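Sequences listed follow chains C and R, in order.
Note that our numbering has the first sequence beginning at 1, numbered continuously upward.
Note that our numbering has the second sequence beginning at 1, numbered continuously upward.
Treat the hints loosely; a few may be bogus.
Said to hold, decoys possible - Cβ-Cβ distance ranges computed for the label pairs, FRET-style:
hint : chain 1 : residue 1 : chain 2 : residue 2 : range
1    : C       : THR208    : R       : SER205    : 47 to 53 angstroms
2    : R       : SER55     : C       : VAL87     : 32 to 38 angstroms
3    : C       : LYS190    : R       : ILE47     : 32 to 38 angstroms
4    : R       : PHE81     : C       : ASP113    : 23 to 29 angstroms
5    : R       : GLY173    : C       : ALA89     : 33 to 39 angstroms
6    : R       : GLY173    : C       : MET49     : 33 to 39 angstroms
7    : C       : GLU22     : R       : PRO72     : 45 to 51 angstroms
8    : R       : VAL202    : C       : SER68     : 16 to 22 angstroms
9    : R       : ARG13     : C       : GLY151    : 32 to 38 angstroms
10   : R       : ASN195    : C       : SER238    : 41 to 47 angstroms
Stated by the list, open to error - Here are some chain R residues the structure puts well away from chain C; computed CB gaps all over 10 angstroms:
hint : residue
11   : PHE27
12   : LEU54
13   : ARG113
14   : LEU119
15   : TYR183
To be verified - Just so you have them, the derived chain C footprint on chain R, three or more residues with Cβ under 8 angstroms:
hint : stretch
16   : 62-69
17   : 80-90
18   : 158-170
19   : 185-196
For the record, the hints were derived by calculation from the structure and aren't laboratory data.
Keep in mind it's a predicted model, so treat the numbers as computed, not measured.
For glycine and all other residues, C-beta sits at the position ideal for the given N, C-alpha and C.
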Amino acid sequence: MKLRMLACLFALAAAVALAAQERVLVAAAANISAVKEPLGAAFAKQYPMYEAEFSFGASGALVTQIKSGAPFQVFMSADRGFAQALVDAGQTTGPAKIYAVGKLIFFTTRSLDLGKGLAVLKDASVLQWANCNPETAPYGRAAKEALTKAGLYDEVKAKLVTAQSVSQALQFALTSADAGFVNKSAIYSKDIQQYDKEGVFWFEVDPTLYAPIEQAFVVIKSTQASKGGTAFAAFLLSNEAQAVFAAYGYGKP
Amino acid sequence: MNIDPLPFWVSLRLGTWVTLVLVLVCFPLAWLFSQAKGRWTVWVESIASLPLVLSPTVLGFYLLLALSPRAPIGRFFESAFHVRLAFSFAGIVIGGCISSLPFMLTALKTGMRGVPGNLIEASYSLGKGRLETAFRVVVPNMKTGLIAGIVTTFAHSIGEFGVILMIGGSVPGLTKVVSIAVYERAESLDFSGANAYALILVVASYIGIFFLNSLQRYESRR
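With the rest of the complex left out, here is chain R:
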C-alpha cells in the first residue's frame, strides 16, 4: 500500500483558496444582509443558501456546462486569459466556493447579529462611516463567528466530493483531491489504501471540529 501525499496537498490548497475567497466575498454580503431591511433580501439570501440543499451533482452539472470552452464564461476565460477552467485547479476552486458559500455566509451573519446593536449605533452617532464601523466595531466583536466560518468552510472544502467528481477530471496534483483518491481506491478494491486516506481525513476533520467546539465553549464562558 503506497500513500501518495499529493491529494492531501491539493485538498489543503483547495481549502485555503476557497476559505480565502469566501471570507472576502461573504464579508460584504453578510454585512449587506444584516443591514438591509428590504423585502428583496429574502430572495437574494435564499439564492445564496441554495448550495446547502442542492445536490452537488446539480451544481457540478451546471458548472461542467458553464466552464466548458463552448459556454460564454469558459470561452471568455480561454480567449482573454488563455486559461481553461474545466478540469483545472481554478475550476475546482470556483466549484468549491459555490458549494461552501452558505457555510461561510451563515457563520458570518450569525456573528454579525451577535454584535450589540447599540455598539453600532454608538459608532454611527460618533460620526463613523459604514466602512469604519464594519472594520473597527463589528469585526473585532464577531471573532467567534469569523473563526466558525473559516473552520467550517475549510473543513467542508477539504471534504468536497460531488462537484469535483463532475468537473475535476482527477488530474494528479491539480484536481485529484483526497476524497477522489478515497473513491478511486475503493472502486479498484484497494480497501487498505482507501482506508488510509479516509482515516487521515476523519482524524483531521475531528481535530477541526474539536477546535471549533472548544473555542465556542471558551467564548460562551467568558
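Here chain C stands alone, though its shape is the one from the complex:
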C-alpha cells in the first residue's frame, strides 16, 4: 500500500516536472522526421524550458491543417512556396526563412544496376516505383521535375505508385515498391542502416535536374502569447541546429 502511494506521488511529481516544460508544437515536413531526435535534443539543450513536439506530414497537407486552425507554433516546410502561402495568408509573425536545402535521392532495396542512373526505372525488373504526391510534397515535385527533364517521366509513369508524403514513399520502397524517390536525410536513419551504401542502394539525383529544395520555416501567429515558437525559430538558424542538418546530408541555406 505504502509502495503504491509512493509510486503515485512519484508519478505526480514527474508529471508536474514535465508540465513545467513548455511544449512547442512544430508542424514539420515529413523529411524532417529523419532529424527529429537530434534536432529535439539540441533544442532541449539550448532551451531547457521548452520541449519541441513534432507532427509530420506532407508540407501541403500541413498548410491545409494550419489554415484550418491547427494549433502549431512553427511550420517547417520542405520548400519555400508552402511556407510563403501562410505568410501570404497573414498567419505568420514574420517572413519565411530558409533553414536547410534538401537533397533528393533515388533509393532501392533491390539489386538494381544503379550505373544506369534514373533510366534504371525503365528496366523490366522495376515493376513499381514510389514517389510522393507532387501537389503536396516538395520532394515529389522535385522527383517529377527531374524525371521530366531527363525525358523519362512519360515512359515510366505507368509504374508509379503515389505516396502521401515522402516518408510513405520510403515506406513503400522498403516494403513493396522496387524503388522510390526520398529525402537524403532518410538514409542516416538507424532503421535502414543496412541500405546506406551509396551506388548500391541509392544515389543522389543530379541537382541540376530540379529546382533547389529550399526548406523554409515560419512562426505561426497564435492567440496565446507564447515565446516558444520564437525560441524554436531562433534555434533553427543557430549553429547547433545547422550542425544537425549538415550531419544529415542537408545543404546550407
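Got chain C; can you put chain R on it based on the hints?
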C-alpha cells in the same frame, strides 16, 4: 475545377468485387456459425468480427507487410502467377474484403436466424440434405438479410479509406478510389474539387441507405 470520373469507376469496381467475393465467402461461414453449437464458434466468430473494431491502419499495416514481394504470400503470388498484390487492384480488393467481412457476415447471420427453425427441421425430416436445405429453404427466406448484407458491404467498400491509403498507392484507374481523391484534393487545398467528390459520395450513400431502410419497412409490414 475538373472532376475526373476515373476514381468513381474504381470505387464502383471495388465495391462490386468485394460484395461478390464476400457473398460467396460469408454464406457458408454464416451457415456454419448458425448451425454449429460448439464452444469454438465464439473464438472464430470473434476473429471474423475483428475488422469491425480494429483501426483500418492496423489492417493496412499488416497487409502492407503481407502483400509485399518479400513476404511469403506476396512472393507466392509473384512467382506463381506473376501478379504483384501490393499497390494493385487485387490488393485493395483483398483489403476491402477483410475490412468489410463483418458487415456481410453479421447481416447474413441475422438473416439466417430469422428463418423459422421448424422450416429447416421440416426440410430435414423430408429427407433433404444440408446443402439443399440451405439453398432451397434458407436462402429464399432470408432475402432481407441478404440484401442488407449486399447494400452495407457495397456502401462500406465504396467508402473504404484507411486500408487503401496504406496499401493502395493512389494509382489512377487502379487504386485511386473516390475517398483517396477527396483526401488528395483537400490536402492540396482544392476544396471545391474535394467537395464535388464528397458530395456525390454523400448523395450516393444516402440513396443506398434509403433503399435499405425502405426495404426493411416494406418487409416488416408484410
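Against the structure, the hints:
1. For the pair THR208/C and SER205/R, the beta carbons lie near 49 angstroms from each other, so the given range of 47 to 53 angstroms is met.
2. With their beta carbons about 36 angstroms apart, SER55/R and VAL87/C fall inside the hinted range of 32 to 38 angstroms.
3. Taking 32 to 38 angstroms as the suggested C-beta distance range, the pair LYS190/C and ILE47/R conforms, at roughly 35 angstroms.
4. For PHE81/R and ASP113/C, the Cβ-Cβ distance of about 27 angstroms falls inside the hinted range of 23 to 29 angstroms, so the restraint holds.
5. Restraint check, GLY173/R to ALA89/C: a C-beta distance of roughly 35 angstroms satisfies the suggested window 33 to 39 angstroms.
6. In this structure, GLY173/R and MET49/C break the distance hint of 33 to 39 angstroms, their C-beta atoms being roughly 53 angstroms apart.
7. The hinted window of 45 to 51 angstroms between GLU22/C and PRO72/R holds, with their beta carbons roughly 49 angstroms apart.
8. The hinted window of 16 to 22 angstroms between VAL202/R and SER68/C holds, with their beta carbons roughly 20 angstroms apart.
9. A hinted range of 32 to 38 angstroms holds for the C-beta pair ARG13/R and GLY151/C, which are about 34 angstroms apart.
10. The hinted window of 41 to 47 angstroms between ASN195/R and SER238/C holds, with their beta carbons roughly 43 angstroms apart.
11. The claim that PHE27/R is not at the interface with chain C holds, since no C-beta of that chain comes within 10 angstroms of its own (minimum 32 angstroms).
12. Separation of LEU54/R from chain C is adequate, the least Cβ-Cβ distance of about 20 angstroms exceeding the 10 angstroms criterion.
13. The non-interface label for ARG113/R is consistent with chain C: the shortest C-beta to C-beta separation is roughly 41 angstroms, beyond 10 angstroms.
14. A cut-off of 10 angstroms between C-beta atoms confirms that LEU119/R is not in contact with chain C; the least separation is 49 angstroms.
15. With a closest Cβ-Cβ approach of about 8 angstroms to chain C, TYR183/R is found to fall inside the 10 angstroms limit, against its non-interface label.
16. Given as covered by chain C, the stretch 62-69 of chain R passes the check, having 5 residues with a CB less than 8 angstroms from a CB of that chain where 3 are the minimum.
17. Requiring three or more residues with a Cβ within less than 8 angstroms of a Cβ of chain C, the coverage given for the stretch 80-90 of chain R holds, as 3 such residues are present.
18. For a cut-off of 8 angstroms, the count of residues in the stretch 158-170 of chain R with a CB near a CB of chain C stands at 3, and the three-residue condition holds.
19. Counting residues of the stretch 185-196 of chain R whose beta-carbon sits less than 8 angstroms from any beta-carbon of chain C gives 4, enough to reach three: the coverage restraint holds.
Of the numbered hints given earlier, the model fails hints 6, 15; all others are met.
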